[in-house]
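Produce the complete structure using the sequences and hints provided.
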Amino acid sequence: MTNITIVSSNVASGASENSSIFFSPMWVGFHDGGFDLFNEGEAATPGLERLAEDAIIDPTGGFTTTLSTEFTSSGAGNTQGIVGPDFFLGDIGVGGFTVDETQDRYFSYASMILPSNDAFIGNGNPVAFEIFDDNGNFLGADFVVTGQGVWDAGTEVNDEEPDNTAALGQEVPDTGTDENGTVMLHPGFIGSEREGSDEQGNILQERSDADFTTEDDGEGNQIARISVLQNTVGSSDSELINGFETEDFLSGLGGDDTLNGFDGRDWLVGGGGNDLLRGGDDDDILAGRIGNDILLGGDGDDILSGGQGRDRINGGAGNDTLTGGASIDRFIFNTNDTFSTDDVGVDTITDFNQEQDLILLDLSTFAAITSDAGEGFSVDGEFAVVDSDEAAATSEALIVHSTEAGNLFYNPNGAAEGFGNGAQFANVLPALTADDFVLRA
Numbered sequence: 001m002t003n004i005t006i007v008s009s010n011v012a013s014g015a016s017e018n019s020s021i022f023f024s025p026m027w028v029g030f031h032d033g034g035f036d037l038f039n040e041g042e043a044a045t046p047g048l049e050r051l052a053e054d055a056i057i058d059p060t061g062g063f064t065t066t067l068s069t070e071f072t073s074s075g076a077g078n079t080q081g082i083v084g085p086d087f088f089l090g091d092i093g094v095g096g097f098t099v100d101e102t103q104d105r106y107f108s109y110a111s112m113i114l115p116s117n118d119a120f121i122g123n124g125n126p127v128a129f130e131i132f133d134d135n136g137n138f139l140g141a142d143f144v145v146t147g148q149g150v151w152d153a154g155t156e157v158n159d160e161e162p163d164n165t166a167a168l169g170q171e172v173p174d175t176g177t178d179e180n181g182t183v184m185l186h187p188g189f190i191g192s193e194r195e196g197s198d199e200q201g202n203i204l205q206e207r208s209d210a211d212f213t214t215e216d217d218g219e220g221n222q223i224a225r226i227s228v229l230q231n232t233v234g235s236s237d238s239e240l241i242n243g244f245e246t247e248d249f250l251s252g253l254g255g256d257d258t259l260n261g262f263d264g265r266d267w268l269v270g271g272g273g274n275d276l277l278r279g280g281d282d283d284d285i286l287a288g289r290i291g292n293d294i295l296l297g298g299d300g301d302d303i304l305s306g307g308q309g310r311d312r313i314n315g316g317a318g319n320d321t322l323t324g325g326a327s328i329d330r331f332i333f334n335t336n337d338t339f340s341t342d343d344v345g346v347d348t349i350t351d352f353n354q355e356q357d358l359i360l361l362d363l364s365t366f367a368a369i370t371s372d373a374g375e376g377f378s379v380d381g382e383f384a385v386v387d388s389d390e391a392a393a394t395s396e397a398l399i400v401h402s403t404e405a406g407n408l409f410y411n412p413n414g415a416a417e418g419f420g421n422g423a424q425f426a427n428v429l430p431a432l433t434a435d436d437f438v439l440r441a
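Each residue of the sequence shown is one higher than the one before, starting from 1 at the first, in my numbering.
Simulated DEER-style distance windows between Cβ atoms:
1) Ala43 with Asp100: 30 to 36 Å
2) Asn353 with Gly418: 28 to 34 Å
3) Asp387 with Ile92: 32 to 38 Å
Source of the hints: derived by calculation from the structure; they are not laboratory data.
Small disclaimer: the values here were computed from a predicted structure and weren't measured.
Yeah, the Cβ is synthetic: ideal placement off N, Cα and C, and Gly gets one too.
Now the structure itself:
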């Protein structure tokens with residue numbers, strides 16, 4: 001048996017959770033390849049109808065045939081569950097499962113798109129996601145669902161009337177007009193780019209960023225990212241926990257732990273103690289939780305969150321999202337080499353607190369700085385705040401913060417046009433001062 005973790009996140013576009021689409025708690029099932037959720041061009045099963053119209057997964061309120069009962073009666077697998085609650089913009093849900101390498105070799109999922117009459121995401125091909133090979137070796141899965149993967153169950157007319165549309169005004173399930181159709185690629189909400197009506201329907205009027213069909217490449221906007229990760233959990237002791245070459249979920253629990261994700265998109269959770277978390281080569285998620293933790297993102301566009309305690313956070317290469325959390329945190333920019341955008345990326349600091357947090361610049365990376373090591377800038381004029389990115393490009397200062405959008409620049413060529421071999425390396429609000437920095441030799 002193998003312990004695995006499902007991580008699902010809402011990666012839809014939109015200004016806020018109130019303007020974009022979201023999706024319901026996600027049903028997941030593990031099987032031998034014999035559970036067929038749906039077939040394009042054929043009628044949806046009663047269980048899929050309940051999920052696609054009303055986000056119902058388990059028997060409730062007189063609905064006795066649901067997706068969970070259909071999975072059980074299929075005999076194709078014994079392991080299923082729900083990951084969620086509802087996934088609003090940016091939300092991440094995690095679920096843990098213990099699966100058999102043979103009986104549970106394949107992975108299926110389904111979730112209702114909200115608001116909608118009967119839109120859903122899910123895999124119609126039962127063997128699309130093979131998470132174990134013939135020999136029982138874990139393969140995992142990591143994929144993004146786009147607008148091209150949104151299905152219409154064909155069970156309810158897409159009238160978008162509030163009384164018939166889940167999450168738009170519908171108060172009780174199963175109130176729409178029966179369509180008696182078949183499962184098909186969703187045509188898009190009324191007035192969307194794919195649907196083509198001149199006037200928007202109620203969904204796009206209510207949620208201006210909910211059109212999942214708008215990307216020019218034909219795939220549509222991103223909606224969800226789903227990862228199937230191998231799960232390794234520590235103990236109350238201090239431990240070294242290494243990931244595998246696939247996607248991993250590593251949790252240190254107690255003790256002062258070292259967690260190494262290595263290859264694959266990994267999720268690392270420190271737990272209690274003062275932990276060291278290293279992401280590795282992909283887009284990783286690192287959460288320190290309790291304790292004074294060190295978080296090193298490595299390559300990829302990582303998400304790093306310190307949690308409670310005095311944390312040191314370095315995103316590494318890629319465009320990372322950095323959150324310090326409670327207490328005094330240091331956001332570190334150091335590549336052990338001279339500055340290169342490829343090595344630094346552009347990181348977003350989400351919660352910089354000027355009362356306690358600091359941005360650490362290593363002088364080997366920001367080599368043009370001549371100020372002494374320590375807090376602030378000992379040389380006048382090496383740091384400046386300007387009101388636009390354009391002004392930053394001609395500032396005499398070497399480190400320049402533009403209050404126009406919060407962009408932070410390294411400007412080694414001073415007042416000359418452009419940034420020379422420097423560039424933007426972070427985004428942070430509010431307006432910074434020299435006292436928000438510490439320089440390290």
